[in-house]
Structure formats: structure tokens, C-alpha cells
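Listed in order, the protein sequences are those of chains A and B.
All residue numbers for the first sequence refer to the working numbering, where the first residue is 1 and numbers rise by one.
All residue numbers for the second sequence refer to the working numbering, where the first residue is 1001 and numbers rise by one.
Rather than coming from a laboratory, the hints here were simulated on the basis of the structure.
C-beta atoms are modelled at their ideal positions from N, C-alpha and C, and glycine is treated no differently.
One thing to keep in mind: the hints can contain errors.
Here are some of the chain B residues that sit facing chain A, going by a computed Cβ distance under 7 Å [what the hints assert, rightly or not]:
hint, residue
1, 1014
2, 1017
3, 1021
4, 1023
5, 1026
6, 1043
7, 1075
8, 1114
9, 1284
10, 1289
11, 1306
12, 1307
13, 1308
Listed next, the stretches of chain B that the computed footprint assigns to chain A, with coverage defined by at least 3 CB atoms under 8 Å from CB atoms of chain A [said to hold, decoys possible]:
hint, segment
14, 1044–1052
15, 1291–1302
2 protein chains.
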Amino acid sequence: MSTATAAIISCGNELILGSVVDTNTAWLATRLSEMGIATTLHVTIGDDEEDIQNAVLQAAGKAPIVIVSGGLGPTLDDVTRQGVARALGVDLYEDPVCLEHVKGFFARRGRTMPDTNRVQALVPVGAKAIHNTCGTAPGIRAELGGSVIYVVPGVPLEMQEMFARSIQPEIQAQGGGQAIVKKMLLCFGAGESDIANQIADLMKRGRNPTVGTTPHEMVIGIRVVAVGKTPGEAQALLEKDVAECRRRLGDLVYGEDQTTLAEAVGRKLLDAKLTVATAESCTGGWLAKSLTDLSGSSGYFLCGYVTYSNQAKAELLGVPAAMLEEFGAVSEEVARAMAMGCKARAAANFAVGITGIAGPTGGTAEKPVGLVYIAIVGPSRVEAHRLSFGEHLLRWQIRDRATKVALNMLRLAVLESQQQ
Amino acid sequence: MSTATAAIISCGNELILGSVVDTNTAWLATRLSEMGIATTLHVTIGDDEEDIQNAVLQAAGKAPIVIVSGGLGPTLDDVTRQGVARALGVDLYEDPVCLEHVKGFFARRGRTMPDTNRVQALVPVGAKAIHNTCGTAPGIRAELGGSVIYVVPGVPLEMQEMFARSIQPEIQAQGGGQAIVKKMLLCFGAGESDIANQIADLMKRGRNPTVGTTPHEMVIGIRVVAVGKTPGEAQALLEKDVAECRRRLGDLVYGEDQTTLAEAVGRKLLDAKLTVATAESCTGGWLAKSLTDLSGSSGYFLCGYVTYSNQAKAELLGVPAAMLEEFGAVSEEVARAMAMGCKARAAANFAVGITGIAGPTGGTAEKPVGLVYIAIVGPSRVEAHRLSFGEHLLRWQIRDRATKVALNMLRLAVLESQQQ
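Please model the entire structure based on the sequences and the hints provided.
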């Protein structure tokens, strides 16, 4: 059994029923991985004593660190402490310090502890209670075979506080395992397999770092995870692969980790002291919204027009009525005229025009749902793209993708203008 | 082994490492529970053949329905089909129909299938491929002992489509357990405890239906779940409690289930044949984007102005420069002038003006981050609200909440105009 693995058990009928999405596990796995501990197993079960008992026994046989979350509340369906006690083969006893804590929690709020909360002071014999600074339910620390079992509340805030305060220091003191460092490179402008083909040798199984790709709504993430005996060794391995990916993929890489396309573009505009204005039809303001997501966006975003009707396109942007008549609102000509009218009115360095059919209705054989024209006017030239996103996509996907393609065209146009 | 249970296995290093939160499981468990099938086990494992093999064997021993998601991509780290084949004790073969499907997927996009995608046509011997209508990876249907194993892609859209189209009908045909029906009532305009106090008797534990509240970014959801021997019995119980909640909460309830505030407002405007235009500063187009999320929004949305700079507020909306000077851009006066200028220019029935400080920078002692003014001009009157969202909120939260409050003010203004 390696010293650098952990298992996570999430308890709760609401998780099993799907009414609540379990965010605790991702949070815990991230914290553990930052300490060099790999989560090798994650099990979600309902509030059932026997299921909890079995899951704890199985996890303790597999990993030296087991974290059990949820099911420590005061109600009858919370049976995690009973299930853990069964796995340990011991009874529960009422811990007087815990009882005082629970009573005190209510007293500070001017209330008397309901009798139902008394159960929260129960701890398996031989185990230790873990103090809860922001709720009533104490955690539990127990040992089983060679493993340490930590039981934490399911309420994210209480769980996070207890982990950071009482569990993380203990795990860290025991030296944890190897150092694991991660980076996500974010790409836009090519499909997953095209990108994977360019870095296929780095993605071979068994290498260190491990390199994998994940697509998410047109953004392709390249996940690089390096393991080393020391953080420095892991970091050096990581940086070598990240640099190699960047070298091969060039401008396809727009950012790292949590960066959005809009942030990447916004930073570039800010750094270059350039401004942008937008003229949107089918995206309905999504591009303007994205460009103003970033704090400081008033430094580059001047104004946006959402010209949904033909009348608005003509009146607000000066698109000629004859052009709308001849080519239709969804046409390259109109996209260009929207961008040019917007640039002139806003006196911006760049302007973007978007017009298309987001559906699900409004498509024709000639101009189907998913057809979008995007035009960018920069300091030196106008560029327009015709995009067919496909009729199988949902309205929000077509709007989201049109927004992202526009942001990426703007990113490349700004890059190009700087290289001139 | 009951016939009404299922196990879910999620595969992916990104899930185990915590870089991606698994939303597929909650979605699947919800769909299964709607069919009367309880998910009794959920396991998350990394992309490892042996771990996948073991998880499938364990799950098949526990539940008659096993759903495995993720790891069907074209890259080397995707090994779910190999792991499932090992659990079945068989080899993989290349399915010619699947291969044509994968090739066709690329062909329709004018591309040649990369060789790496060939692996997506592999299916365990004796198993059946499941058609993927919106991606390259086919699913797999296999039998193991008395259990049926369904393997689906990890991309949520592809997984959902495949489940709804090919898996749900088969499970339904085999009959589920008890009938469980659910409804979510969505409220806006009061806090969770205010709403819970008004329906406290319905929220008592042990009742059928069970009624619970969940807050999510200012929207309070009331979850009603009814169980019955037949769908009709469950439905009747559900409808009784839903009607009672609606009766007590009145206009606080804006919709049901997945309805957004923007959809609720859009429907009302469409039905009443009324139009709206927007003038936004701090929300940067988010309100226009929300109002155009709905298909058919051209029926009520005329145009939007994103006037980020003072110059844009003056030039595009006619806000007097002297007013901007005297009261500042973030003031009730300017919000009113934005809305009125917008209404006059767009000739709409309603116009909304929003100006505020989304932060994290730009706040002062007098006008802190989170201060937002929203004005609505309707057919008969102007109304303005001052909102203090609090400096502890993130930029996106302040923008999101300002957008939602504006939508809710618009909803109530439309309701009021109809009652006159």
C-alpha cells in the first residue's frame, strides 16, 4: 500500500438521488493532490448503515487515508457515525466535550438544544472527535488497520474549515507522499483529435508527466500532471512539457488553468491600450457581457449595440436598408456593415459584428439554424467568417460558440496587429 | 437483488484529481429516480483498465442496471472500453457500422478521420454498440450475470442524448419500482427562511410529498417529491402540495423546474405582445443576453445599449452631461435617464436602465462595490431601486444579481400593467 493515496466516501441520499451535485469530492481531491496525495477511489452511497460500513472497510483496505463526508446531522436519516462504528467493530459513546459544544452552539444563538441534536455528541469508542468551528456536528478521527479514517460534515463550508484546520496539518506532518503539480493549457481553434495528434508522443501512457486532453464546448484543455520526489523536481518536469506543448501548438493556446477566452482577449487589449466595441444580433449581448466579465474592462470596452431587429441594425449602426433587403439580415455583407458602422460610431480600434440564426426556429434550407457570420474590423483590415455550427446544437450552444469564435477572432486580430 | 436499483461508475482522471466536477452522476441519478429506480452506489475512478474492470464487476454484483460514463474518447488515456471488455472477459472487435459512423462524422465536417479515432469503433465481443447522434464515440450495451451494463460518453450533452434516446426507453419498458414524481417551484424576491416559514407545515419530515427549499444565487427553489403506488397517485399528491405552495407565495413564484427568470419574463412579454429595450452599464449586456436566451425573443426584444463609458451614455442614450457630472454615473438619476432615453429611442413598451459598481475595484466609501441602481420605465410610470449587494460578493455575482433583480422588476411591472 503506497503512502500517497486516499479514498473518499460521500454519504447522502440527496447525492444518490441526484438532487444535489457533490462538489465536496472535487474540493477534497484537489486539496489532497496539492499535498501529493492521489485519490484512487471515490464512492458515493446513500444514508444506510450497512452500505457505509462496507464502503469504509473496502476503502481502508485500499488507501491509508479515508475521508468520509456527510450524514453527521441530527436527523434520523443521518447514520454515518453508526456505519463507521460498525466498520470499526465498536459501540458509540456520548462524548461530554462534544455535548457541551453542541449545547453551546445553540446557547450562543439564544436557543435550547433540541433533544434530536444529542446524537451529534456520539463518537465511536476509541475514536477522537474533531472540533467543528462553524456548525454543530463534530468530525471523527479513527484508525482501522493501517488506515486513518476522517469523518467530516457534508456542509461544504464546515467540511472545508474542518479539513483545513484539523486534517490537512496532520496529513502534512506525516509527510504526505510525492509532490504532484498540475497545469491546464487551454486551446481554441482546432478539434480535440487535431490537437492530440500534435502532442501524441507526450500523451503516451506511463510517461511522467501524464498529458491528457479534455474538450469543453469548443475549448480543448490539455492537462499536464507531473510527479516528483520534491516539489521542485515535479515543477521542472511540468514546465518542460508545458513549454513543449506551447511550442508545438503556438497561437492555438490562449491561456492556462481557469482563464476564459474573454479574459485572454481583455488582458491583451488592456496591455496594448486598444479598445473594442460590439454589434450583436443572434448573440444578443453575450459578447459584450463576456468582454466586461473582467474587472478593468472599462479600459478597453467602449460600448455595445444589441441590434436584434432590422430596424435597429439600420438606425443604430447605419446598415443600409437596401443591403438588408438584398442579402438578408444573416449575411456576410450585413455582418461587415454592422462591424464597420459600430467601429465608426464608437471610434474604437476594433469592432465586431455578429449576425446569425440561433434557432431552434427561423432556419431555412438556404440559411439553416446554426449559420452565423462574424466580422472583425481592425486598424488595417476587415475580416469575415462564415460558420455552420450544425442544426443539432441547442440555441445556447450556437450562441455560446458564436461568442467564443468572435472572441478568438478578436484575440488573433489583436495579436496580428501587434506583430505588424 | 431488487429490480429497482442502479449503480453509476464515472471514469476520468480529471474527476479523481478534482479538476472537473462530475455533474453527470446527479443528472443520471435524477433521471433514474424519476423512473422509480434508486441509485444505490456511485463510484468514481481514474482512467485505469484494472480499476474499471473491478468497478464494473463489483457494480454488476450489486445492481441490475450499471451505467458507466466517460473514457470513450479517441486518445490513449481513454480506456473504458478496454476495462469493460476485461470485466466481461472478452476481446474488442472493430464494428464496421461504428467505423462508418465515426468516419461520417468527420466527413460531414469536410475532414478525414484521424487514425486515432479508429479506436472509437471498438466494441466488446457479444456487446452492442449504442448510436451517438451528436459525437463520435458510440456507447456500449453489454450483459454481465443478471445485470445490463450501459457505457456512455462523458461529454454531458452526448451522454444525455444517448440516455434519453436509447437507454431510458429500454429501462422503462422493463418496468421500474414505485412511481416518484417531482416538481421544483422557483421563487424570487424573498430569502430562503422567509419562504420556508410560509410553508413550514408542508416541510415537516416524514410527510409525503416531501417539501424542501434550496437557495441558488437569489433564486429559492421549493422541491416537492411525491411517491405513490401508481404514477397517477403520485401526481395527485404532488399537485395538491404545489397548488398550496403557489397559493401561499403568490407572485414570489415565477416558474417551475428549469425555467429561468428571463424565460418567465419573455413568455409574459410574448403573450401580452409587449416589447422591451435595455440600457446597461455594469451588467455589460448580461440583461440583453438573458432576454434573448429564449427562442422567439425577437417578438419582444427590440434592442440593447451597452453604454460602459460616460461618453456612450451621453451619445447613445442622451443622458445629460451635466447630470453625469453632478450625480455621477452610478446614481438613481442616471439609471432613470438611461431607461427613459432607451425607451424613447427604441420606441419600446418597457425599458430598463442599470448602472452600478461591479468591482472588485472602483468602489468608494460613498459608493461602495455592489451598489447598483435599476430603473424601469413602463407604459404608465418610472420605478427605480437602489440595491446594495455587499462588498463581499464577487464581480460575477454582483452582475448576475443585478441582472436577476432587473428581470424580476420587469416581470412584476408587466404583471402590474396587465392588471390595470
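Quick rundown of the hints versus the structure:
For residue 1014(B), the interface hint holds, the least distance from its beta-carbon to any beta-carbon of chain A being 6 Å, beneath 7 Å. Restraint check, residue 1017(B) versus chain A: the minimum CB separation of about 5 Å is within 7 Å; hint holds. The closest approach between the C-beta of residue 1021(B) and any C-beta of chain A is roughly 5 Å, which is under the 7 Å cut-off, so the hint is satisfied. Annotation: residue 1023(B) was flagged as interfacial toward chain A, and the flag holds, the nearest CB pair being 6 Å apart, inside 7 Å.
Annotation: residue 1026(B) was flagged as interfacial toward chain A, and the flag holds, the nearest CB pair being 4 Å apart, inside 7 Å. For residue 1043(B), the shortest C-beta to C-beta distance to chain A is roughly 5 Å, which falls under 7 Å, so the interface hint holds. Because the beta carbon of residue 1075(B) sits about 5 Å from the nearest beta carbon in chain A, less than 7 Å, this interface hint is met. Look at residue 1114(B): its Cβ gets to within about 5 Å of chain A, closer than 7 Å, so that hint holds up.
The criterion of a C-beta within 7 Å of any C-beta in chain A is met by residue 1284(B), whose closest approach is roughly 3 Å, and the hint holds. Interface restraint check for residue 1289(B): the shortest CB-CB distance to chain A comes to about 4 Å, inside 7 Å, so the restraint holds. For residue 1306(B), the interface hint holds, the least distance from its beta-carbon to any beta-carbon of chain A being 3 Å, beneath 7 Å. The interface hint given for residue 1307(B) holds, since its Cβ lies 6 Å from the closest Cβ of chain A, which is under the 7 Å cut-off.
The interface hint given for residue 1308(B) holds, since its Cβ lies 5 Å from the closest Cβ of chain A, which is under the 7 Å cut-off. Only residues whose C-beta sits within less than 8 Å of a C-beta in chain A count toward coverage, and the segment 1044–1052 of chain B has 5 of them, enough to reach three; the restraint holds. Three residues within the 8 Å Cβ limit are the bar, and the segment 1291–1302 of chain B against chain A gives 9, so the coverage statement holds.
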